[in-house]
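Residue numbering for the sequence shown follows our numbering, starting at 1 and increasing by one per position.
Keep in mind the hints are simulated off the structure, nothing from the lab. Every residue gets a Cβ at the ideal spot worked out from N, C-alpha and C, and that includes glycine. Incorrect hints may appear among the rest.
If you anchor each label on the Cβ, the simulated ranges turn out as follows [said to hold, decoys possible]:
(1) M129 <-> S85: 35 to 43 Å
(2) G74 <-> I105: 15 to 23 Å
(3) A128 <-> I87: 39 to 47 Å
(4) K97 <-> F123: 18 to 26 Å
(5) D55 <-> F123: 35 to 43 Å
(6) Y103 <-> V72: 45 to 53 Å
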Amino acid sequence: VRRSSRVLCQPLSASVLSSPEVRIEQVTDPAGLCPLCKAQAGTPRAIQTSSAHRDIDTAAKFIGAGAATVGVAGSGAGIGTVFGSLIIGYARNPSLKQQLFSYAILGFALSEAMGLFCLMVAFLILFAM
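Could you build all of it, start to finish, from the sequences and the hints given here?
Written as structure tokens, this is what we have:
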């Protein structure tokens, strides 16, 4: 009684965060046994809560995979820059068409490889850890 009157005077957040003890609930089954836990009627049992660690790990996986996926957008921007520069270079000097195109393909391949590496890391974070 004394504890509950003190709790009523405190804010809700203070009373919830400051009580480390386990809450107890009474099993009131008229048959005498609870069908789920097979506990005796009237005996206290602790309320079991789910582990927060699993939720935090899952959230960290999703945040890490999202951060790794940002590199795919950078790959798209790099590919656009490569082919934009190819068009500008070809407009300035059309006689270098073949050499500029080979450089553009090399730039495209390197930029695309970086995007695929970022995507691979995102999938590794999600499914391998």
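Structure-based check of all given hints:
1. M129 <-> S85: 35 to 43 Å: Given range 35 to 43 Å: holds, Cβ gap about 38 Å.
2. G74 <-> I105: 15 to 23 Å: 19 Å, holds
3. A128 <-> I87: 39 to 47 Å: 40 Å, holds
4. K97 <-> F123: 18 to 26 Å: Once the Cβ atoms are compared, 38 Å apart, the range 18 to 26 Å for F123 and K97 is violated.
5. D55 <-> F123: 35 to 43 Å: 21 Å, violated
6. Y103 <-> V72: 45 to 53 Å: 23 Å, violated
Going through the hint list in order, the structure does not satisfy hints 4, 5, 6.
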